[in-house]
Structure formats: structure tokens, C-alpha cells
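Line by line, the protein sequences are chains C and V. If you number the first sequence the way this note's numbering does, the last residue is 196 and the count never jumps. If you number the second sequence the way this note's numbering does, the last residue is 196 and the count never jumps.
For the record, the hints were derived by calculation from the structure and aren't laboratory data. Heads up, a few of these hints could be off.
If several chains are the same, the list does not tell them apart, and a pair holds so long as it fits within one copy or across any two.
[Claimed, not checked] Derived lysine-lysine pairs resembling DSS-like cross-links, with alpha carbons at most 27 angstroms apart:
1. Lys69 with Lys177
2. Lys149 with Lys177
3. Lys192 with Lys112
4. Lys196 with Lys47
5. Lys196 with Lys50
6. Lys50 with Lys146
7. Lys112 with Lys69
Remember, it's a predicted structure, so these values are computed and weren't measured experimentally.
There are 2 protein chains.
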Amino acid sequence: MDNLYTQHSAVTRGQREELLEQKGKVLWFTGLSGSGKSTLADALNNKLYKEGRLTYILDGDNIRQGLNKDLSFSNSDRTENIRRISEVAKLMADSGVIVLTAFISPFVEDRKNAREIIGTENFIEVFVNTPLEVCEGRDVKGLYKKARKGEIPSFTGITSPYEEPINPEIEVKTQDKTIDDSTNLIFGHLKKLIDK
Amino acid sequence: MDNLYTQHSAVTRGQREELLEQKGKVLWFTGLSGSGKSTLADALNNKLYKEGRLTYILDGDNIRQGLNKDLSFSNSDRTENIRRISEVAKLMADSGVIVLTAFISPFVEDRKNAREIIGTENFIEVFVNTPLEVCEGRDVKGLYKKARKGEIPSFTGITSPYEEPINPEIEVKTQDKTIDDSTNLIFGHLKKLIDK
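Working from the sequences, and respecting the hints, build out all of it.
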């Protein structure tokens with residue numbers, strides 16, 4: 001094995017994107033608990049799949065029980081949570097996958113950091129803008145009720161701030177829209193960005 | 001947006017694999033520094049790409065400077081390094097990608113943990129079995145020389161053990177083989193595992 005260290009030309013991101021006929025991107029959904037991030041990510045995911053796109057959702061279900069199971073909800077661990085998600089999303093987008101992340105990610109600074117890690121050309125911030133009253137009115141998981149009783153420390157929107165995106169690539173006001181409307185709105189923005 | 005919380009059927013791993021016409025897997029290369037892990041991972045990666053497979057390499061270059069840049073080379077941080085790599089590889093394989101990891105990963109316990117995280121049905125341990133003398137003789141990066149001088153603490157093979165895989169899915173004795181031979185050997189084992 002004399003030539004073991006001969007330089008092999010590596011497969012490039014461009015070649016993987018060619019193979020997939022799409023560009024790797026990260027759609028970063030942000031918004032309050034109950035705003036509809038996961039629902040919209042799921043709906044968009046289905047739509048993209050039907051169009052033959054390779055996508056993947058990163059959310060609490062597959063991150064908090066796996067990669068980030070050692071992290072608490074302290075401020076520093078929340079920042080580390082977002083940092084690691086950003087690094088994973090970056091790697092997956094580099095592999096050619098269209099990544100959809102669905103995390104509250106309430107702090108401007110953390111999302112700015114995510115954008116820097118992922119690269120702004122690959123980062124699409126999707127602000128799921130649903131008023132607190134609407135989210136709290138839904139309260140599907142009963143979390144707002146608990147938070148109001150003081151049973152959940154640092155609950156975003158109640159005892160911890162949600163810092164709205166200043167200049168998101170996409171903003172969806174879900175309040176007066178159907179899921180299909182919102183999904184189509186995001187898809188419309190996305191289409192030109194992912195075509196290879 | 002009344003039906004916001006209507007359950008959407010999620011896109012499954014099987015559907016992604018259908019789209020890619022391949023099964024997501026993790027090829028876990030393990031072996032001494034200089035054994036040829038990265039070279040073989042690169043060569044296999046090229047071969048798989050030519051066959052139209054979507055693959056991705058996780059190695060020191062994209063992990064130690066990104067996701068795991070907060071980790072040192074202490075024993076506990078090495079374990080955490082392997083744990084995080086395993087979690088990322090698991091997610092990527094779940095997206096349908098064939099992942100190739102190239103890390104020394106010297107400890108049986110850590111690799112066992114990797115196998116458990118990734119799932120044994122998706123985990124292919126590739127033991128790049130190159131004798132220490134050969135690796136040290138190559139010493140492309142000059143690391144063995146430094147380690148012998150005591151300039152690198154806990155250097156695998158010199159001042160820290162390398163625990164050989166007990167029952168790896170694939171073993172390559174690189175010593176008397178060309179890169180092509182070794183690559184073909186691994187590819188032969190792999191082909192039946194990745195066909196969808």
C-alpha cells in the first residue's frame with residue numbers, strides 16, 4: 001500500500017448537490033411554543049418530499065433525546081443547544097440535504113450565531129409569527145398553564161423573553177392563514193433557493 | 001389556522017431511502033493514526049459517488065473544528081467526542097445518507113456505545129488493521145516522532161492503548177494491499193447492505 005497517502009480528490013458539495021438535483025439549505029424555524037413551527041415544518045417537509053426533495057427535520061424529539069441529552073435548560077446550555085444544532089445542520093446541508101429545524105430559539109444572539117456557523121448563504125430564517133395570546137389560547141401541551149402557575153422556570157413568552165427576528169428571510173403570520181396557505185408561502189420563497 | 005395541530009403524517013426514513021435508492025448506513029473506520037482510515041474512506045467515497053450513492057465523511061477536519069471544538073483530548077472528552085459523532089452519524093443515516101466516519105476511536109467501550117446509539121443494523125465497523133511499525137514507519141504527519149519524544153500526551157499506540165475490534169463487520173489488512181484492493185474489499189461487503 002505504497003501510495004496510501006496519495007491525495008485523492010474528494011467528492012465535493014457541488015457533486016452531491018448535482019446528484020440530488022438540489023441545493024443543501026437550512027430552514028431555521030423560530031417562534032413561540034405553540035406558534036406552529038413543527039406543524040409547518042412537517043407540512044413543508046411533506047410537500048418537498050412529493051417534489052422529490054431530500055429533506056430532514058431536526059427538532060426536540062430527535063435532538064434533546066440524543067445529541068443534546070446532556071444539556072439542561074439553563075441559559076448557557078440553551079446557547080450550547082443551538083450551537084450544536086447549528087453544527088449538525090451545517091454538516092447535513094453540506095451533504096446536500098435540505099434541513100428544517102424547529103426550535104423556539106428565542107434569542108437573537110443565538111440565531112445570529114447559527115447563521116454564522118451555517119453560513120448566511122445557506123441559512124433561511126423562518127419567523128413563525130403567531131401572537132402570544134393565540135399560542136397561549138391553543139396551549140395544546142398545557143405548558144402555558146403550567147408556566148403561569150410558576151411550574152416551569154424560564155418559559156419563553158411568560159417568564160423569559162422571545163426576541164423577534166429583525167430581518168428574517170421569511171415571515172409567516174399564521175393567525176389568519178390555513179396550514180396550506182402558510183406552507184405554500186414558505187415553499188414559494190424556497191423554490192428558487194433550492195433549485196440546482 | 002384552526003387545524004394547525006392536525007397530525008401530519010411524517011416523511012419516513014423508508015421514503016427517503018426510496019428516493020435515494022439506497023439504505024442509510026454508518027461505516028465506522030477505526031485504526032491507528034496513519035493506518036489509512038481517511039485514505040480508504042476517501043477512496044471508497046469516490047467509488048460510491050461514481051455509483052450514484054449519496055455519502056458523507058465525518059472526520060477530524062469537519063468535527064474537531066466544528067461540533068466538538070469545545071472538547072479536549074482527555075479520556076472523558078474523547079468519550080464525549082465519540083458519543084456526539086455517533087449521534088450525528090445516526091441522524092445523517094436516518095436522512096438516508098451513507099456516512100463514513102474516520103476516527104482512531106481506540107476504545108472498545110466507546111465503539112460499543114457508538115454501535116448502540118446508531119443501531120447495530122446500521123453500523124458497519126471497519127477495522128483498518130495496519131501494524132504499528134508500518135504506521136510509525138510512514139509517520140506522514142510526524143506525530144509518532146513527537147510522541148516518542150514525549151511531546152504528545154496519550155498518543156494511541158505509544159502512550160495510550162489501541163483496543164482492537166473483537167468482531168468487526170469488515171477487516172482490512174492494508175499492509176500487503178493497494179488502495180484499490182482495500183477499497184474493493186470494503187465495497188464488496190458493503191454493496192449488499194446498501195442496496196434498497
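Each hint tested on the structure:
1. Lys69 with Lys177: neither (35 angstroms within a copy, 42 angstroms between copies)
2. Lys149 with Lys177: neither (31 angstroms within a copy, 68 angstroms between copies)
3. Lys192 with Lys112: Within one copy, since 23 angstroms is at most 27 angstroms while 44 angstroms is not.
4. Lys196 with Lys47: both (18 angstroms within a copy, 23 angstroms between copies)
5. Lys196 with Lys50: both (17 angstroms within a copy, 19 angstroms between copies)
6. Lys50 with Lys146: Neither, since 39 angstroms and 55 angstroms both go past 27 angstroms.
7. Lys112 with Lys69: This pair counts as both: shortest intra-copy Cα distance 23 angstroms, inter-copy 19 angstroms.
Comparing the model with each earlier hint shows violations of hints 1, 2, 6; every other hint is respected.
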